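Chemist: If you want the building blocks of each chain, they are given just below.
There are 4 protein chains.
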Amino acid sequence: MIVVLDPACSLREKAAVVRFVEQQGGRLLVTVVGDETHIGLIDAEAKALAPEIETMPGVAEVKGVAPPYPHVSREHQPGSSEVRVGDVVIGGQEVIVMAGPCSVESAGQLETIGRSVAKEGARMLRGGAFKPRTSPYSFQGLGEEGLALLLQVGTETGMPVVTEVVAPEDIELVASYADMLQIGARNMQNFRLLSEVGSQERPVLLKRGISSTVEELLLAAEYIVSAGNPRVVLCERGIRTFETATRNTLDISAVPVLKAKTHLPVIVDPSHAAGERSLVPHLARAGIAAGADGILVEVHNDPAVALSDGKQSLTLDGFANMMKELQAVAGAVGRGL
Amino acid sequence: MIVVLDPACSLREKAAVVRFVEQQGGRLLVTVVGDETHIGLIDAEAKALAPEIETMPGVAEVKGVAPPYPHVSREHQPGSSEVRVGDVVIGGQEVIVMAGPCSVESAGQLETIGRSVAKEGARMLRGGAFKPRTSPYSFQGLGEEGLALLLQVGTETGMPVVTEVVAPEDIELVASYADMLQIGARNMQNFRLLSEVGSQERPVLLKRGISSTVEELLLAAEYIVSAGNPRVVLCERGIRTFETATRNTLDISAVPVLKAKTHLPVIVDPSHAAGERSLVPHLARAGIAAGADGILVEVHNDPAVALSDGKQSLTLDGFANMMKELQAVAGAVGRGL
Amino acid sequence: MIVVLDPACSLREKAAVVRFVEQQGGRLLVTVVGDETHIGLIDAEAKALAPEIETMPGVAEVKGVAPPYPHVSREHQPGSSEVRVGDVVIGGQEVIVMAGPCSVESAGQLETIGRSVAKEGARMLRGGAFKPRTSPYSFQGLGEEGLALLLQVGTETGMPVVTEVVAPEDIELVASYADMLQIGARNMQNFRLLSEVGSQERPVLLKRGISSTVEELLLAAEYIVSAGNPRVVLCERGIRTFETATRNTLDISAVPVLKAKTHLPVIVDPSHAAGERSLVPHLARAGIAAGADGILVEVHNDPAVALSDGKQSLTLDGFANMMKELQAVAGAVGRGL
Amino acid sequence: MIVVLDPACSLREKAAVVRFVEQQGGRLLVTVVGDETHIGLIDAEAKALAPEIETMPGVAEVKGVAPPYPHVSREHQPGSSEVRVGDVVIGGQEVIVMAGPCSVESAGQLETIGRSVAKEGARMLRGGAFKPRTSPYSFQGLGEEGLALLLQVGTETGMPVVTEVVAPEDIELVASYADMLQIGARNMQNFRLLSEVGSQERPVLLKRGISSTVEELLLAAEYIVSAGNPRVVLCERGIRTFETATRNTLDISAVPVLKAKTHLPVIVDPSHAAGERSLVPHLARAGIAAGADGILVEVHNDPAVALSDGKQSLTLDGFANMMKELQAVAGAVGRGL
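Protein chains in written order, with the working numbering: chain A, 13 to 349; chain B, 13 to 349; chain C, 13 to 349; chain D, 13 to 349.
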């Protein structure tokens, strides 16, 4: 429910509305759209208060029902948000490419990949140090050693680092090395983890769960933003369907759907969607053409021996070729890269 | 199974191989790849013949198992096919846009739409005269009257016509008015209908079933081509998944997957995938960026009163705007439009 | 929309209502529920007439919107329908087991299977003579020869025969041999075929499409019943999901959902759902426990050499064992078998 | 990979094999099947050791690849496991019904429900104190106050308590009140949480993720068991599909599939699968008929005012009626209840 205040509403009148709602146990979200001031009531019980609020001085209108994710909804904040990570701006005119290996494996591996992708135009470095794996017997990542390597190579190449955090108790450690915290697909509804990354300051890359709806993704983002951290970037990475020709089905429509529903930036991960190297450039081009603000892509200097996801990792040359194509497509939709 | 003939194989030797297979009741597919001649044996029983064939003079090699769709597989015909409809070539350098209303409703409606989309660069006219509808109480199309209007407006505007045929007994009638026959998603596994459109000469637009795999689509195309008609164009139009934010989920990955597996042209229908007008240009741009050879799109002069699919039909202005965007994206991937 | 007539409504008044609706171009469905007479208006435009109809003499009430499938809805016909096939009643107290091979292959095969399943309590004989196959190179069935064998073995063993019909032009032929016509999953939205089986008298077994919703299944049944044939039995046979441990996912919930929405009988096909012999008895038991009126199951005397679906066919012994289990479960839910 | 020891293998020879593997950094799982001793090597690198191991004295055979979940696989432990919770045995002859409200709301509510379900034959009490909710604005549970109520009502009624734990840091608290820890569907791949419940002694109820495959569920169980806790019960609770007539689609086939692949007990949650009270008894009956070892069901004394999941909660009378039906079906499949 949204209370729209009269432009002539006095501050005292506004305060009275706010106080009344709070006395009733309600929680408020106050936003300003143009010269309208909106007070969103985000609790289910709020509706019962509508008749009384409507008659208070300074109130112009009490409108319908609020979207269930008031902080991230574009309805309350029509302008698009930009999320700054180091000196990189996600959600602006430029399409941001984040590249690197699935797992950090060694200093040599990460340096080789990092230098190569930076030279070709990648703006951020990605790489996993804590890996959530379906099997307990798969490689689980290098842990803090991997984080240290990411920081070192990120610094050397001038790229801010994004890496996954899998549990609340790891946040402080990961945040001490990384510029942006990734919440992986399997943890998209790990609500405790969402609340905790919402209580710290690092920007967050939130990946869509493999079978989560767009609405559930927005509600997961709402957990983070409502806990205090507005620096959230959403990532479409493929959903689970009956089709087995690809690892997952990239839901390309989710890009324009999300951009219409939320002010947060939206990027695409073509690697996990495809599961197969040769498809990645096609999906990356499609993502940018559909309006994505960035691309998150796996690159490996020797995919055949990668400890995870080798099949879907671009080679260094493959990445270089793709970047030329992406520049052309970004230009065609009025963006830089 | 594929029998590769020795480049030095004589015609007499080749004929002997062919005769032997046919005597055993097998069916053959002979193709030439570079200077290799391949004889594909497309029956399940063929494998049993392999040892004998291998020893025949002129035979270089008997290779593994044939793909289950030998006529449409790129393995047998590495070069891409072009399908000609009137003077339009699908699968060539140019991306082809086919536009028109979901249902033909009246002469005035079709003329208005046809002239407008032709002016903006559409190359073919689409429109339904026989409509397969989920409910028996929904509008079922104008029938032959609709076909006559399509022919008239197609001729006036210089656009070949594509329209759906829903039953074998209608093929002759529809083919007497239309330049290309569409097999709709619901009939993708109506095998009798597939065989029948394979026994006539009009090119065929085959839409993927709403829950068909890529492999099932290729097998459906194989029904048509193996019956004698090689002029088949495939169309990705969205699959059924758990997501309800869009009518269907456009499987954008299917475009590069299909282009890798088959030599047939592949187009995208963003309208049925999206189910919502505002998303259509985003999906059309993504389709071209991913490598599609064409776009099939619904346009209506007054979507609010359309007898079917109004919600997802572009307005005339919307179509004009989209075409400018598509030209830019086609250019970025080295195509014309 | 449903017009409920006053119990005191005269026949003349009733005729006037009917005439009025028909003059407006509407189509009617008149049903009697207890001592209430309902007139269902099944066209979209009907709603506009509501205000005028409400004031006509003899009209008690004009209620909401009709379900989109008035003929098959339980709302209009609260009592359950029984469908008679020969001397077998589907939808009554007894759970009906229909058994036989996927494909009719030979006289010897069908006789062996038919006699065995009849002895163990099967009440109907199933078997395919026209097979819709995903690949054009798979066995397509014996055609009329297979139909003749079905008739012969059905007569010998006292079991009515159900077999698939795949095209309108085959209906007369198939109906001259078979007691019940099956519409397969791939043809559930072949609307021309639905209308044609609705225009003849043989009872129809309508299988749910592999990715059709419950509502679409009911609308497909409505095509048949509204064309004049009320003898329709619905069959749940598994839907396509992400899970690959089984061929399809048996939607067991569809049984009670369908029984609540329609008065038509509902049966379960555990063979196609499972795709694997060892699972079939478990799913058959579950189907009966959930309220199904029958079971359609594939049985083969030598599954290892079956021309189709051998992997999911029960052996003769396996069928005999399952029947004992089904009798116990049927008894537990108050049914016979 | 499984090393099968010769029945004549000496203990010294066995120790040598074990030592060799451990020196190479491998992890072992030793099981005895009949009079065969199996040593399962559960690391990916193990395969490289096969040739050397094969030549060691006392080794009979090195067999193929181990199932990816050696601890939970029925291949290694053919007999079924029983999991004891207080004096209740899950996986034995008796089908166990666990019942209670979705959320613990108050002492009065829980006492009323607990006494009623205990009287009708429920053997365990369920209820949520920590609720993972899709929206941050939904009721999140009473926390420790709810746990205390569960303990009190469980003790009074003689039913062990199962309740959900959503984060590693809560395990100790929850385990101090509850007899069994539930891992909810959204946390099935929260691998940190799985490892932590594997490192303590309370039995674990592991629910299948809404879009997890059967194999992923078994791998999640492997996380728990390989960490040291063999007391795991699996729960099928519906998967996400295209069908919207039910909240989720109960994958009834998963029951026999799981029972074939693992020795762990398997139960069914019909409430979350159905999402609608009237369907619950049908699905519960089907679950038992398909071979489930138990039923987990939501019951509320006043569903209309429940703080969560009221629509799918049985009333007290509905539960009593269902129990009579379940007793009959359990008897029909040779089980007690």
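Treat the hints with caution; some may be incorrect.
[To be verified] Dumping the calculated PhoX-like pairs for lysine-lysine here, alpha-carbon to alpha-carbon at most 25 angstroms: (1) C:Lys271 to D:Lys271; (2) A:Lys336 to A:Lys323; (3) D:Lys336 to D:Lys131; (4) C:Lys131 to C:Lys271; (5) D:Lys131 to D:Lys323; (6) B:Lys336 to B:Lys323; (7) A:Lys336 to B:Lys323; (8) A:Lys323 to A:Lys131; (9) B:Lys131 to A:Lys271; (10) C:Lys336 to C:Lys323; (11) B:Lys131 to A:Lys323; (12) C:Lys273 to D:Lys271; (13) D:Lys131 to C:Lys336; (14) B:Lys273 to A:Lys271; (15) D:Lys273 to C:Lys271; (16) A:Lys273 to B:Lys323; (17) B:Lys323 to B:Lys131; (18) A:Lys131 to A:Lys271; (19) D:Lys323 to D:Lys336; (20) D:Lys323 to C:Lys336; (21) C:Lys336 to C:Lys131; (22) B:Lys131 to B:Lys336; (23) A:Lys323 to B:Lys336; (24) D:Lys323 to C:Lys323; (25) A:Lys336 to B:Lys131; (26) D:Lys273 to C:Lys323.
If you're looking for bench data, these hints aren't it; they were derived computationally from the structure.
Small disclaimer: the values here were computed from a predicted structure and weren't measured.
Chemist: Is Lys273 of chain D close enough to Lys323 of chain C, meaning Cα to Cα at most 25 angstroms?
Modeler: holds (18 angstroms)
Chemist: Are the Cα atoms of Lys273 of chain A and Lys323 of chain B separated by 25 angstroms or less?
Modeler: This hinted pair holds, its Cα atoms lying about 18 angstroms apart.
Chemist: Run the distance test for Lys131 of chain C versus Lys271 of chain C: straight-line Cα separation, threshold 25 angstroms.
Modeler: violated (30 angstroms)
Chemist: Would the pair Lys336 of chain D and Lys131 of chain D pass a check requiring their Cα atoms to be no farther apart than 25 angstroms?
Modeler: holds (12 angstroms)
Chemist: Does the alpha-carbon distance linking Lys336 of chain B and Lys323 of chain B stay inside the 25 angstroms limit?
Modeler: Holds: Lys336 of chain B and Lys323 of chain B sit about 22 angstroms apart, inside 25 angstroms.
Chemist: Does Lys271 of chain A sit within 25 angstroms of Lys273 of chain B, going by the straight-line distance between their CA atoms?
Modeler: Status violated; Cα separation ~33 angstroms.
Chemist: Hey, Lys323 of chain D versus Lys336 of chain D, does the alpha-carbon distance stay inside 25 angstroms?
Modeler: Holds: Lys323 of chain D and Lys336 of chain D sit about 22 angstroms apart, inside 25 angstroms.
Chemist: For the pair we were handed, Lys323 of chain D and Lys336 of chain C, check the Cα-Cα distance against 25 angstroms.
Modeler: violated (37 angstroms)
Chemist: Would you check the hint for Lys336 of chain A and Lys323 of chain B, treating anything up to 25 angstroms between C-alpha atoms as holding?
Modeler: violated (37 angstroms)
Chemist: Between the alpha carbons of Lys336 of chain C and Lys323 of chain C, is the straight-line distance 25 angstroms or under?
Modeler: holds (22 angstroms)
Chemist: Does the structure keep Lys323 of chain A and Lys336 of chain B at a Cα separation of 25 angstroms or less?
Modeler: Given that 25 angstroms is the threshold and the Cα spacing comes to 37 angstroms, the pair is violated.
Chemist: For the pair supplied as a hint, Lys323 of chain B and Lys131 of chain B, is the alpha-carbon distance within the 25 angstroms limit?
Modeler: holds (23 angstroms)
Hint compliance for this structure: hints 1, 4, 7, 9, 11, 12, 13, 14, 15, 18, 20, 23, 24 and 25 are broken, all remaining hints hold.
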